[in-house]
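Respectively, the protein sequence lines represent chains A and B.
So the first sequence is numbered by this note's numbering: it starts at 5 and just counts up by one.
So the second sequence is numbered by this note's numbering: it starts at 5 and just counts up by one.
Just to be clear, a hint being listed does not mean it is correct.
Identical copies go unnamed one by one, so any copy, or any two together, can satisfy a pair.
Claimed, not checked - Simulated crosslink set (DMTMM-like; lysine to aspartate or glutamate; CA at most 20 Å straight-line): (1) K61 / E42; (2) K61 / D131; (3) K50 / D98; (4) K61 / D214; (5) K50 / D73; (6) K61 / E155; (7) K61 / D166; (8) K50 / E146; (9) K61 / E138; (10) K50 / D191; (11) K61 / D73; (12) K61 / E71.
Bear in mind the hints are in silico, worked out from the structure with no lab data behind them.
Protein chains: 2
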Amino acid sequence: MLGDDAYVCAMPTLYDYPFSGNGYKVRLVLRELGIAYEYRALDILKGHTREPWFLAKNPAGQIPVLELDDGACLSESSAILVHVARGTPLFPSDPLSQTRALQWMCFEQSNIDGVISRARFRRAFPDAIPTRPEEFAAWLSEGHRALAVLEGHLSQREFLVDDAFSIADIALYAYVHCADQGGFSLDTYPALRRWLQRVRSRPAHIAIDDVAG
Amino acid sequence: MLGDDAYVCAMPTLYDYPFSGNGYKVRLVLRELGIAYEYRALDILKGHTREPWFLAKNPAGQIPVLELDDGACLSESSAILVHVARGTPLFPSDPLSQTRALQWMCFEQSNIDGVISRARFRRAFPDAIPTRPEEFAAWLSEGHRALAVLEGHLSQREFLVDDAFSIADIALYAYVHCADQGGFSLDTYPALRRWLQRVRSRPAHIAIDDVAG
Chain A
5 MLGDDAYVCA MPTLYDYPFS GNGYKVRLVL RELGIAYEYR ALDILKGHTR
55 EPWFLAKNPA GQIPVLELDD GACLSESSAI LVHVARGTPL FPSDPLSQTR
105 ALQWMCFEQS NIDGVISRAR FRRAFPDAIP TRPEEFAAWL SEGHRALAVL
155 EGHLSQREFL VDDAFSIADI ALYAYVHCAD QGGFSLDTYP ALRRWLQRVR
205 SRPAHIAIDD VAG
Chain B
5 MLGDDAYVCA MPTLYDYPFS GNGYKVRLVL RELGIAYEYR ALDILKGHTR
55 EPWFLAKNPA GQIPVLELDD GACLSESSAI LVHVARGTPL FPSDPLSQTR
105 ALQWMCFEQS NIDGVISRAR FRRAFPDAIP TRPEEFAAWL SEGHRALAVL
155 EGHLSQREFL VDDAFSIADI ALYAYVHCAD QGGFSLDTYP ALRRWLQRVR
205 SRPAHIAIDD VAG
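Input sequences plus hints: build the corresponding full structure.
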């Protein structure tokens with residue numbers, strides 16, 4: 005039986021792999037919105053996300069998963085970001101602006117996550133998946149093309165959509181800020197570096213290794 | 005000067021590469037919604053999407069791009085689908101259902117488009133980007149894992165979200181229906197094949213090679 009001063013506060017649970025920028029996106033938006041969460045660290049290299057209990061939460065076997073108070077499990081970081089930010093200033097209300105935010109998040113998924121993040125992972129864990137030099141070279145070329153697109157966009161504005169900080173900035177920040185770990189120098193992207201600094205200077209900002217709920 | 009019976013009907017223009025499943029997604033949703041469009045076929049293999057006039061429409065240099073009546077250019081197929089389907093029965097109104105639709109579209113982008121579509125492209129144009137057998141083998145394994153996730157989900161329902169046809173079904177159909185061209189047999193996925201047939205039997209359905217506006 006619970007005492008007088010005990011209370012049960014249902015809060016979402018974030019299943020994450022601490023190295024993952026995709027999980028970091030979710031942590032950043034939860035912090036921005038002041039939503040407390042339980043944190044469950046899993047190790048994808050040890051197969052935790054392929055265990056039956058996790059596949060019941062996300063049959064795709066991928067983190068991040070955000071389990072809501074009612075037991076609903078959300079997967080895919082971009083979808084999670086929209087879900088928790090909907091109706092807040094972090095997701096614009098104007099339809100075209102919403103579309104622009106989604107557009108940047110999709111751009112990130114293919115051109116940053118699929119490229120810069122992959123190079124970062126392969127460099128950090130060279131034994132996990134053997135990688136040939138030609139693969140790194142292809143990612144370097146693709147990744148710099150994506151960074152140049154971002155540089156061009158941000159050279160004319162403060163944030164990605166409507167000059168207001170949004171989940172699009174969170175989604176792009178997650179892997180761009182650690183692009184150097186994938187072998188990408190940001191030296192030639194001054195607007196991009198200024199934007200990183202703007203995102204980093206937000207009061208609710210946390211570093212990628214800060215996994216406290 | 006326009007005659008009495010002449011009229012100017014501004015309509016969106018779809019910039020597409022006819023082989024692309026991503027462009028096909030946009031054509032499918034426009035047809036479903038009865039939106040007429042101009043069609044501009046570009047050849048990515050000939051560098052059309054890297055020409056300055058196209059980069060002005062999408063700096064990422066990727067099709068599809070949907071240019072709206074007012075000149076706004078939308079890119080990223082998932083974002084385009086949300087934009088044109090918003091407020092229609094093709095995009096659910098319930099927030100959690102909207103999130104589920106986004107979740108499936110993101111799943112597709114990483115696990116189908118990035119895998120099955122890639123294998124299909126490399127098989128169709130073997131000289132464009134040399135591909136090693138090991139790469140095909142890795143895609144085969146990844147792609148079948150994604151198809152098995154879909155099979156599990158669709159074995160219990162008619163459509164991906166809320167048992168109602170939506171842009172999520174359109175987004176997944178585009179590359180799954182031609183998975184065989186990527187070397188993926190769907191023989192062991194009966195629920196998936198029934199779902200493909202349900203999508204195909206919609207009155208507004210068109211084949212991937214039907215590019216008429």
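We went through each hint and held it up to the structure:
no.: 1; hint: K61 / E42; in the structure: within (16 Å within a copy, 43 Å between copies)
no.: 2; hint: K61 / D131; in the structure: neither (28 Å within a copy, 41 Å between copies)
no.: 3; hint: K50 / D98; in the structure: neither (43 Å within a copy, 37 Å between copies)
no.: 4; hint: K61 / D214; in the structure: neither (24 Å within a copy, 39 Å between copies)
no.: 5; hint: K50 / D73; in the structure: neither (28 Å within a copy, 52 Å between copies)
no.: 6; hint: K61 / E155; in the structure: between (38 Å within a copy, 16 Å between copies)
no.: 7; hint: K61 / D166; in the structure: between (35 Å within a copy, 18 Å between copies)
no.: 8; hint: K50 / E146; in the structure: between (30 Å within a copy, 18 Å between copies)
no.: 9; hint: K61 / E138; in the structure: neither (37 Å within a copy, 31 Å between copies)
no.: 10; hint: K50 / D191; in the structure: neither (36 Å within a copy, 32 Å between copies)
no.: 11; hint: K61 / D73; in the structure: within (14 Å within a copy, 43 Å between copies)
no.: 12; hint: K61 / E71; in the structure: within (8 Å within a copy, 39 Å between copies)
Consistency note: the structure conflicts with the earlier hints numbered 2, 3, 4, 5, 9 and 10.
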